[in-house]
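Asker: Based on the hints, put chains H and G in the right spot on chain W.
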Amino acid sequence: MVADIVTGDGRPLVRVQGLSKTYVQDRLLSRERFVVRALERVDLVIRPGSSFALVGQSGSGKSTLALCLARLEPPTEGKIWFEGQDLLSLRGRALMRARGRIQLIFQDTAAAMNPRLSAKEIIIEPMRIQSVGTRQEQNERAAYMMERVGLPPAWLNRRPHQFSGGQRQRLAIARALSLQPRLLILDEAFMGLDLSMQAQIVGLLQNLQRAEHLTYLFISHDLSLMAFVADEIAIFDRGRIVEQGLPSELFSNPRQPQTRALRDAIPGRSSVLGMGQD
Amino acid sequence: MAYFLRRLLHGVLVLIGVSILSFVFVQLAPGEFFSDMRVDPQISPQTIASLRAQYGLDQSLPVRYLRWVRSVVRGEWGYSFAYNLPVSQLIWTRARNTLALTVVAALLAWLISIPLGIYAAERRDRWGDRVTVAGSSALLSVPDLLLALALLRLAIHTKAFPVGGMISTEYADLGPWARIKDVAAHFALPVAALVFGTLPVFFRHVRASMIEALALPSIQAARGYGIARRRILFRYALPAAANPLISLFGLSIATLLSASLLVEVVMSWPGLGPMLLEAILARDLYVVIGAVMLSTVFLVAGNFIADILLYLSDPRIRRSQS
Amino acid sequence: MEPLLEVRDLHVDYLCDAAPVAQVLRGVSFTVGRNESLGILGESGCGKTTLALAILRLLPACARVKGAISYKDRELVGLPEREMEKLRGAEVSLIFQDPGRSLHPTLLAGTQIAEVAAAHHREWSRRHCREAAKAILKEVGFENAERIYAAYPHQLSGGQQQRVVIAQALIGRPPLLIADEPTSSLDTTMQAEILTLLNQLRQAHKLALVFISHNPAILAEMADRILVVYAGQIVEEGAVHQVLTSPLHPFTRALLQCVPREAPHAAADRQLSAIPGSPPDPAETAEGCPFALRCAERTEICASRMPAEVQPQPDRKVRCFKYGG
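Chains as they are written, first to last, in the working numbering: chain W, 219 to 496; chain H, 1051 to 1372; chain G, 7 to 331.
Same shape as in the complex, but just chain W (with noise of 0.2 Å):
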């Protein structure tokens, strides 16, 4: 999706350069050190209003990324610029501010929400942190919010484990949404859902996106799925980007050993079906 680049000043919303992240465990009484390197010097750039894809296996550092943008974990080395603002440096308020244009959206919605709150209250929950709003006018978002992500505003006061996953997960955009964030980003948001589910929550995306002028990073081992939703794909692969582009290119001309991997692993490909065909 060529989306509208609604700044209109061609700048990228997120420029991340050099990006590195090591993990390192001493051990006490043993000159043996741990290291994992999670990310290595990664540079990439998404575009206001395009939705970027992360592809690679388990275990490659993509979720990482994602948790340095979200500014949940320091990196070792490297900027990352966001909305043209260096966010690796910011602090206090103006922090608290750029954390509200960022919401992450994970894959397991029944961990990540208070079972006690009901879906008002989780909805809510960001501007209640971040002050905005009224009493009324966050009731009132809350309302607007369900009807948006396609759940009965009856349901408010249900808990978490009232909805089934497909219904939590919107209930996960609803609340990524409610201080109006420039920059979604999408953990395996799809593991798990059936086949329906999933495409629902795919249509309610680009809808969303295209209404609310939504910035996505969706981070996946589906190729098959990210070639859908995803303007361009960065394949990852233990820490660093070993290919990028359009989909379709991705697709009929991978250049490197894991990209075709990861293609060809989709199921149904070499079935008689052929379930690639149209």
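Since the hints were made in silico from the structure, they are not lab data. Some hints could be false.
As the list claims (entries may be wrong) - Pairwise CB distance ranges, derived in the manner of DEER restraints: (1) Ala-1238/H x Arg-376/W: 53 to 63 Å; (2) Thr-37/G x Gly-1185/H: 49 to 59 Å; (3) Glu-290/G x His-431/W: 48 to 58 Å.
To be verified - One-sided excerpt, in silico: chain G residues whose CB lies under 8 Å from chain W: (4) His-134; (5) Ser-190; (6) Ser-279.
All figures in this text were calculated on a predicted structure; none of them were measured in a lab. Note that the Cβ used here is the ideal one computed from N, Cα and C, for glycine as well.
Answerer: Frame of chain W, contents of chains H and G only:
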């Protein structure tokens, strides 16, 4: 390795902390050993003053603490005012009597509650389960004091057991075999009281852990491969249920010296409990501190043993520590 | 050739927790032949896992089972538990979705496999069981079987764990393997490895396979025949390439449109059609066809009566008013 050293260090710090705290707290209680003597007109203030100086009670708190530490290193653990003996001598015999009770009671309680808990968990919500759970609830709701008194009453009524104490008055005249029987007879009721007090708690924990373990997907998968029910119970479910039980076992060890105080006092068993009580009332300072410290040593040891057992039994803990 | 497994008119209700009775399976019938691969396609809550558990008699005590399940002409429904234990793992094996949870956390991976061997070969020594476990670890693709034997499950990756599970399932050499969404919690590359492995093992041991999945693309690779299940009933049945290229039932059709196809060149093609609404709750039973509410092709009769199963073509069955019934 490092994990255990850390835990050991932690234990030592606890011991030091407790010693300081108990020193301070005993001081906070009003009066001291010689307070009663002050009231006696026959004893002159100078005598009291010299007695106090002899026992070092006129020194400041930190000085006294250091002198006590030195005494511990020498193996004496301070002096008892009342008995005029090193505390270590006094405490040792009493602690031994207490341990005789509590070790046997703990072993019995665990040996009964583990199979019973497994049985109840297996037959969940069926007759066997309901009966055992109801029984344990009944026992739990009776206060230990009442249990002990009820047993004493039973002893008086049936004359089958002696009523309190550890030995009969004729003990010295008895032959060796008769002596053993005598002690055993006195032993029975206090042990029973202790077992009745702890058994329901252990039973419920075992049952709850087993129920949780039996519901695990890995257990269902094992059933799916045709592994026999009995084998699943002991080889799969029990190890999965072990973690909370090991912690509870550590607690058993930790309270070996402290849990029996009430029973000992009510049933006149010459253990650490009655001595501690007496010493507190008399402000026999170093006896109190000595008893508290010994109990703390068991507490720390119990936790440490639980840590070791957990480390050995659960590979996931090993992984997270190394 | 008589079938290996025959299920006739199976009904399963859950009467648990004093909740409304959930009709999880409603009159399911099918057969599995030797060395055949049957795919079961359905969404969550449609009863596919219950079906797998029912065959192996692993349902909770509050489940009520009616109907007939026969394996090699032996009726399983009333069989004593001891006999059932002998069957599980040696005649029929089941592998589940999340291998991390299916493996015991404090036993060595190899020990868990050896235990299954020991359960079905009481005359084998412990050493023999260990050797057999190592042998099958090699068969499922581990080069260093010794190392894997001595590993704990949490030390292995998802794909490795699932291989261990498969080793456990096959060490008893069962003729029938039921796999319930075995790759749904794995990433695509691990998934591809496991699917390849399963196909290899099927060939090598002439296994019959029942593969349960919510993804038609996976079944396209794994199954010869396919059953489409919706709300506890089979709504379509046929050879896999027929059902997936020319689906008869509206649910099958709609589900196939949810599968992301080859990367579209034009932005306009980037629409994944979705089925509106959610999969039905087994506790709520309504009149008529359970798919009616979400069906794009529904007519008046659909909401009032349940369609019967019809056979519009040889070897194809469907439960929809569009074809009669």
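Asker: For every hint, state whether the structure bears it out.
Answerer: Taking the hints in turn, this is what the structure says about them:
1. Ala-1238/H x Arg-376/W: 53 to 63 Å: holds (59 Å)
2. Thr-37/G x Gly-1185/H: 49 to 59 Å: holds (51 Å)
3. Glu-290/G x His-431/W: 48 to 58 Å: violated (39 Å)
4. His-134: The hint is violated - His-134/G has no Cβ within 8 Å of chain W, the shortest such distance being about 36 Å.
5. Ser-190: It holds, given that the least Cβ distance between Ser-190/G and chain W is near 7 Å, below 8 Å.
6. Ser-279: holds (7 Å)
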